[in-house]
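Student: Okay, here's what each chain looks like letter by letter:
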Amino acid sequence: DAGITQSPRHKVTETGTPVTLRCHQTENHRYMYWYRQDPGHGLRLIHYSYGVKDTDKGEVSDGYSVSRSKTEDFLLTLESATSSQTSVYFCAISDLLGADTQYFGPGTRLTVL
Amino acid sequence: GQSLEQPSEVTAVEGAIVQINCTYQTSGFYGLSWYQQHDGGAPTFLSYNALDGLEETGRFSSFLSRSDSYGYLLLQELQMKDSASYFCAVRDEISSGSARQLTFGSGTQLTVLP
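Chains as they are written, first to last, in my numbering: chain A, 82 to 194; chain B, 129 to 242.
Among the hints, a few may not be true.
[Unchecked claim] Derived list of chain A stretches under chain B, where covered just means 3 residues or more per stretch with a C-beta under 8 Å from a C-beta of chain B:
id : segment
1  : 102 to 110
2  : 120 to 133
[What the hints assert, rightly or not] Partial selection, computed: residues in chain B whose CB lies under 8 Å from chain A:
id : residue
3  : Ser-155
4  : Phe-157
5  : Gly-159
6  : Phe-173
7  : Tyr-198
8  : Leu-202
9  : Ala-212
10 : Arg-219
11 : Gln-229
12 : Phe-232
13 : Gly-233
14 : Gly-235
15 : Thr-236
[To be verified] Using C-beta positions, here's what the derived DEER-type ranges look like:
id : chain 1 : residue 1 : chain 2 : residue 2 : range
16 : B       : Leu-182   : A       : Asp-119   : 28 to 34 Å
17 : B       : Thr-239   : A       : Val-93    : 26 to 32 Å
18 : A       : Glu-95    : B       : Glu-184   : 47 to 53 Å
19 : B       : Pro-242   : A       : Glu-95    : 40 to 46 Å
20 : B       : Leu-179   : A       : Asn-109   : 27 to 33 Å
Hints in this document: simulated from the structure, not taken from any laboratory.
This structure is a prediction, so every number in the text was calculated from the model and none was measured.
Ideal placement from N, C-alpha and C gives every residue a C-beta, glycine not left out.
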């Protein structure tokens, strides 16, 4: 299994509070992705990174920001969490951009009350 | 834009064969992938087809017809552990730029009965 960890694994927070999710990889893969998964929607891309300090928006980026200061870490921040951001968040990595083989972390279940 | 259609649920018995279909509409097509996800787990890669035809990996096979914008995942000799969600995904351009990213279908929940 690819070495990908996510923290925290579970979080409950209140509307309006900032939240940061962390993805850490030990595979030295260049590309990292954040997805959210909701019932009936599959996985939807939020943001992705193609190198240190290089990031771009995905399909559902509104309300989210990301940062990547080191190859191994990719942070997802909800500046002011809303109930619509209650979801399961998955980080993924690949060694090629848009690669069909992506390796996923264990996920973070976020509940915004 | 892009869209993928797959059945929401499929049920089969242990030892049987099941086929999960996926049709897609994309502005540019580079290949069709399949991922498996058990309840509470992470998606894991199963297979990838870039060209027409059948790819076999053990009990799992995946088929692609580019002219029909259609593919399927075939699971043979079903086992209880195959109960999971299965997602098809296409590599396509995203709206914000030229990068090509994976777009996933909504998933098919496979239930294997004893």
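Student: Does the hinted range 27 to 33 Å hold for B:Leu-179 and A:Asn-109 at CB?
Tutor: Because 30 Å falls inside the window, the suggested range holds.
Student: When the nearest CB of chain A is found for B:Gln-229, is that gap smaller than 8 Å?
Tutor: Because about 5 Å separates B:Gln-229 from the closest Cβ in chain A, which is inside the 8 Å limit, the hint holds.
Student: Quick one: see if chain B covers the segment 102 to 110 of chain A, three-plus residues with Cβ-Cβ under 8 Å.
Tutor: violated (count 0)
Student: Close enough to count: is the Cβ of B:Phe-173 nearer than 8 Å to one in chain A?
Tutor: With a minimum Cβ separation of about 5 Å from chain A (threshold 8 Å), the hint on B:Phe-173 holds.
Student: Would the hint on B:Gly-159 stand, with a C-beta cut-off of 8 Å toward chain A?
Tutor: This interface hint holds because 5 Å falls under the 8 Å limit.
Student: May I ask you to test the interface hint for B:Gly-235 with respect to chain A, counting a Cβ-Cβ separation under 8 Å as satisfied?
Tutor: Holds: closest Cβ of chain A sits about 5 Å from B:Gly-235, inside 8 Å.
Student: Can B:Thr-236 be said to touch chain A, with a Cβ gap under 8 Å?
Tutor: violated (10 Å)
Student: So, B:Ser-155 near chain A? Judge it on the closest CB pair being under 8 Å.
Tutor: violated (14 Å)
Student: Going by Cβ atoms only, is B:Phe-232 closer than 8 Å to chain A?
Tutor: With Cβ-Cβ at 4 Å, under 8 Å, it holds.
Student: Kindly confirm whether 47 to 53 Å is satisfied by the beta carbon distance between A:Glu-95 and B:Glu-184.
Tutor: Hint holds: Cβ distance 50 Å, inside 47 to 53 Å.
Student: Does the closest beta carbon of chain A sit nearer than 8 Å to the beta carbon of B:Leu-202?
Tutor: violated (18 Å)
Student: Confirm or reject the claim that B:Pro-242 and A:Glu-95 have a C-beta distance inside 40 to 46 Å.
Tutor: holds (44 Å)
Hint check: violations occur at hints 1, 3, 4, 7, 8, 9, 15; the rest are consistent with the structure.
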